[in-house]
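Colleague: All chains should be built: construct the whole structure from the sequences, respecting the hints.
Line by line, the protein sequences give chains A and B.
The first sequence begins at 1 in the working numbering and counts up by one.
The second sequence begins at 1 in the working numbering and counts up by one.
What the hints contain is simulated information worked out from the structure, not anything from laboratory work.
Please note: incorrect hints may appear among the correct ones.
BS3-like, lysine-lysine: derived pairs with alpha carbons at most 27 Å apart [to be verified]: (1) B:Lys67 with A:Lys221; (2) B:Lys28 with A:Lys293; (3) A:Lys28 with B:Lys14; (4) B:Lys67 with B:Lys184.
Distance windows between CB atoms, simulated [what the hints assert, rightly or not]: (5) A:Phe10 with B:Tyr254: 18 to 28 Å; (6) A:Ala42 with B:Phe10: 29 to 39 Å; (7) B:Thr41 with A:Thr245: 26 to 36 Å; (8) B:Thr41 with A:Lys317: 33 to 43 Å; (9) A:Lys319 with B:Phe10: 20 to 30 Å; (10) B:Gly56 with A:Pro65: 39 to 49 Å; (11) B:Leu61 with A:Thr303: 55 to 65 Å; (12) A:Glu269 with B:Leu61: 41 to 51 Å.
Derived contacts from chain B toward chain A, CB cut-off under 8 Å, selection only [stated by the list, open to error]: (13) Leu7; (14) Gly11; (15) Ser131.
Ideal Cβ positions, reconstructed from N, Cα and C, are used throughout, including at glycine.
Protein chains: 2
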Amino acid sequence: MESIESLGEFGLIKRIAKTITIKQPTTKKGIGDDCAVIDTTADNLKVVTTDLLLEGIHFDLTYCPLKHLGYKAVAVNLSDVCAMNARPQQITVSIGVSGKFTLKAIDDLYDGIRAACDRYGVDLVGGDTTSSLTGLTISITAIGEQRTGKLSYRDGAHENDIICVSGNLGAAYMGLQLLEREKKVLHGDKTSQPELKGYEYILERQLKPEPRTDVVDFLEKIGVVPTSMMDVSDGLSSELMHICTQSDKGCRIYEDKIPIHEQTRKMCEELSINPIVAALNGGEDYELLFTIKQEDYQKFQSTPGPEIYAIGYVCDKDKGRRLITTGGDEAELQAQGWRFFSSNTSDK
Amino acid sequence: MESIESLGEFGLIKRIAKTITIKQPTTKKGIGDDCAVIDTTADNLKVVTTDLLLEGIHFDLTYCPLKHLGYKAVAVNLSDVCAMNARPQQITVSIGVSGKFTLKAIDDLYDGIRAACDRYGVDLVGGDTTSSLTGLTISITAIGEQRTGKLSYRDGAHENDIICVSGNLGAAYMGLQLLEREKKVLHGDKTSQPELKGYEYILERQLKPEPRTDVVDFLEKIGVVPTSMMDVSDGLSSELMHICTQSDKGCRIYEDKIPIHEQTRKMCEELSINPIVAALNGGEDYELLFTIKQEDYQKFQSTPGPEIYAIGYVCDKDKGRRLITTGGDEAELQAQGWRFFSSNTSDK
Chain A
1 MESIESLGEF GLIKRIAKTI TIKQPTTKKG IGDDCAVIDT TADNLKVVTT
51 DLLLEGIHFD LTYCPLKHLG YKAVAVNLSD VCAMNARPQQ ITVSIGVSGK
101 FTLKAIDDLY DGIRAACDRY GVDLVGGDTT SSLTGLTISI TAIGEQRTGK
151 LSYRDGAHEN DIICVSGNLG AAYMGLQLLE REKKVLHGDK TSQPELKGYE
201 YILERQLKPE PRTDVVDFLE KIGVVPTSMM DVSDGLSSEL MHICTQSDKG
251 CRIYEDKIPI HEQTRKMCEE LSINPIVAAL NGGEDYELLF TIKQEDYQKF
301 QSTPGPEIYA IGYVCDKDKG RRLITTGGDE AELQAQGWRF FSSNTSDK
Chain B
1 MESIESLGEF GLIKRIAKTI TIKQPTTKKG IGDDCAVIDT TADNLKVVTT
51 DLLLEGIHFD LTYCPLKHLG YKAVAVNLSD VCAMNARPQQ ITVSIGVSGK
101 FTLKAIDDLY DGIRAACDRY GVDLVGGDTT SSLTGLTISI TAIGEQRTGK
151 LSYRDGAHEN DIICVSGNLG AAYMGLQLLE REKKVLHGDK TSQPELKGYE
201 YILERQLKPE PRTDVVDFLE KIGVVPTSMM DVSDGLSSEL MHICTQSDKG
251 CRIYEDKIPI HEQTRKMCEE LSINPIVAAL NGGEDYELLF TIKQEDYQKF
301 QSTPGPEIYA IGYVCDKDKG RRLITTGGDE AELQAQGWRF FSSNTSDK
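Modeller: Written out as structure tokens, the structure is:
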């Protein structure tokens with residue numbers, strides 16, 4: 001059986017490179033030189049994003065299989081490209097691996113990376129492999145493209161724009177809570193099996209998120225460029241705060257409009273968590289949060305495509321950023337969650 | 001005094017972002033959104049390279065000040081862009097930092113990163129900051145540009161091309177040997193001062209390498225596109241092997257043509273190392289190694305510019321890859337170093 005050590009860095013890179021087929025016409029040169037080479041076309045812009053993932057901080061190999069980890073590491077970067085209303089085309093992947101990992105483990109990781117690349121038509125064009133003293137380090141950079149004038153930034157929301165989200169929220173967070181609970185159970189009793197039945201959806205949301213390239217394609221199809229956009233990685237509340245701050249606006253969102261999956265609700269009930277808390281703070285759903293002009297809203301309804309949920313609207317900055325609860329109360333949104341109003345609040 | 005914890009991730013990013021001024025006309029959007037945005041022009045190609053640096057593997061903070069580390073981490077990536085005959089324009093920087101680092105330490109690191117960016121007119125356009133369980137992790141991605149047809153790959157060397165190098169070799173390696181020696185001395189005797197006098201040049205080559213953007217500019221000026229090019233990061237021997245393998249060629253280089261600095265020779269003498277070993281295997285010099293057509297050679301001599309050393313020539317693959325020693329002997333080059341011929345060699 002080959003080992004990582006016997007292969008060496010160049011051997012490992014070769015092993016990875018030979019499984020890769022180039023799919024994007026803009027990829028002129030992939031792995032094998034000092035740099036990858038990417039073609040450009042007039043009137044197109046490139047977007048670049050990067051993420052650093054460290055074992056023990058961003059992932060726990062106790063319950064995250066390496067194949068899933070590879071897939072997710074790619075997916076979250078592609079999601080950032082989508083969040084600009086651009087299309088991902090290339091990624092680079094660097095890994096640092098300690099002695100505890102076998103070659104099989106690295107193959108599993110790259111199987112996941114390759115699966116995500118294949119699904120989204122993205123080319124793995126370069127990277128770096130190195131040994132590490134402790135644990136696994138993954139650094140991914142994604143590059144995408146979009147025509148000039150079609151990108152969506154965080155700072156373009158206008159008053160009366162409709163706030164939309166591309167799917168249900170809080171599921172990935174509740175999937176994580178379930179995994180954490182089962183991990184504790186397993187630590188206490190080695191013979192028991194984790195009880196995950198009936199929660200497949202929220203587990204998949206946590207372990208295998210999908211970037212919404214279909215939403216970017218749909219927006220193109222119906223001719224809508226969101227006035228602002230982000231992906232929900234830290235939680236709806238936190239992302240809304242970014243859009244409001246950078247656009248210098250306020251917002252209203254409605255509790256009863258925020259899509260929450262039935263498994264999310266069920267898990268919330270089991271763990272005594274308010275589902276709206278999971279939706280506002282949870283994060284890692286990687287849905288797209290965006291604002292559109294009112295007149296664009298009908299375009300979503302007249303063309304079949306992915307379901308888009310209108311959850312509120314953009315207002316003047318002075319009106320604050322608030323959640324309207326199902327009971328009709330107003331609560332101020334905060335970076336992590338929200339806080340019910342009190343008339344003598346001191347930190348408005 | 002502020003701490004990293006009190007700032008938080010967003011605070012840290014803001015702190016970094018506010019010290020940055022955009023210099024490149026192609027940088028349309030830097031830090032502050034889901035992606036950076038980079039402009040393209042017709043007839044230009046983008047090149048991308050990335051490096052992952054881990055404490056204890058790639059650097060030792062005992063003798064590498066954080067400011068130098070930041071500078072070097074950027075420099076080595078810009079060097080990879082130069083090695084394609086392209087010009088670096090943007091970088092992203094991701095860091096993972098454990099609790100042992102103060103905010104001052106991170107500021108020092110970014111001072112070095114910024115100094116390299118300023119010197120080479122490169123924009124820091126994005127990245128990621130995260131906590132880590134152990135030590136410091138740095139991941140840098142560099143993006144550059146060059147016109148179609150002007151890039152140099154590893155696989156374009158032709159028979160009779162002249163092999164050139166842009167500066168002396170082995171100095172960075174001997175600088176490292178000196179630092180290692182002084183580290184041992186310091187560990188033994190806490191009162192003694194490291195003896196570095198007279199070795200400033202080789203220390204600087206190790207601690208503060210410079211990417212040869214000036215050589216890329218000069219090549220443009222004299223209208224020469226190298227038929228193949230790499231930067232010397234792993235050692236002359238190893239890089240030559242890559243060019244020969246990928247170009248399907250052999251080579252001859254001459255011991256007495258390989259430029260070696262006088263401080264390198266002196267340190268080699270002190271440590272009983274053959275200077276040619278340091279030059280062939282040392283690595284980290286970040287000089288450009290390239291091949292040019294014979295008729296292009298006179299262009300280097302007729303225009304003032306950085307000194308370029310012709311060290312040998314490309315030959316047919318069947319003639320092997322050999323070093324001609326000062327004494328006139330031939331030795332076969334190997335990935336790490338070289339080996340004198342014996343007529344009954346079994347692994348030719």
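Colleague: Is it true that the C-beta distance of Thr41 of chain B to Lys317 of chain A lies inside 33 to 43 Å, as the hint says?
Modeller: Holds: the Cβ-Cβ distance is about 38 Å, inside 33 to 43 Å.
Colleague: Falls inside 29 to 39 Å, the C-beta gap from Ala42 of chain A to Phe10 of chain B?
Modeller: 36 Å, holds
Colleague: So does Gly56 of chain B sit 39 to 49 Å from Pro65 of chain A, Cβ to Cβ?
Modeller: 28 Å, violated
Colleague: Under the criterion of a CB-CB separation shorter than 8 Å, is Ser131 of chain B in contact with chain A as hinted?
Modeller: Cβ of Ser131 of chain B sits 6 Å from chain A, so the hint holds.
Colleague: Could you check the hint for me, namely that Glu269 of chain A and Leu61 of chain B are 41 to 51 Å apart, CB to CB?
Modeller: Between Glu269 of chain A and Leu61 of chain B, where Cβ atoms are some 50 Å apart, the hint holds.
Colleague: Taking only the CA atoms, is the gap from Lys67 of chain B to Lys221 of chain A under or equal to 27 Å?
Modeller: 49 Å, violated
Colleague: Should the interface hint for Gly11 of chain B be scored as holding, given a Cβ-Cβ cut-off of 8 Å against chain A?
Modeller: Constraint on Gly11 of chain B not satisfied, violated at 12 Å.
Colleague: Is Lys28 of chain A within 27 Å of Lys14 of chain B, Cα to Cα?
Modeller: 35 Å, violated
Colleague: Does the beta carbon distance between Leu61 of chain B and Thr303 of chain A stay inside 55 to 65 Å, or does it fall outside?
Modeller: Hint holds: Cβ distance 57 Å, inside 55 to 65 Å.
Colleague: Between Lys28 of chain B and Lys293 of chain A, is the straight-line Cα distance small enough, at 27 Å or below?
Modeller: Answer holds: Lys28 of chain B to Lys293 of chain A is near 24 Å, not above 27 Å.
Colleague: Going straight from one Cα to the other, do Lys67 of chain B and Lys184 of chain B come out at no more than 27 Å?
Modeller: Distance of about 23 Å is within 27 Å: holds.
Colleague: Confirm or reject the claim that Phe10 of chain A and Tyr254 of chain B have a C-beta distance inside 18 to 28 Å.
Modeller: This hint holds: roughly 27 Å between Cβ atoms.
Hint compliance for this structure: hints 1, 3, 10, 13 and 14 are broken, all remaining hints hold.
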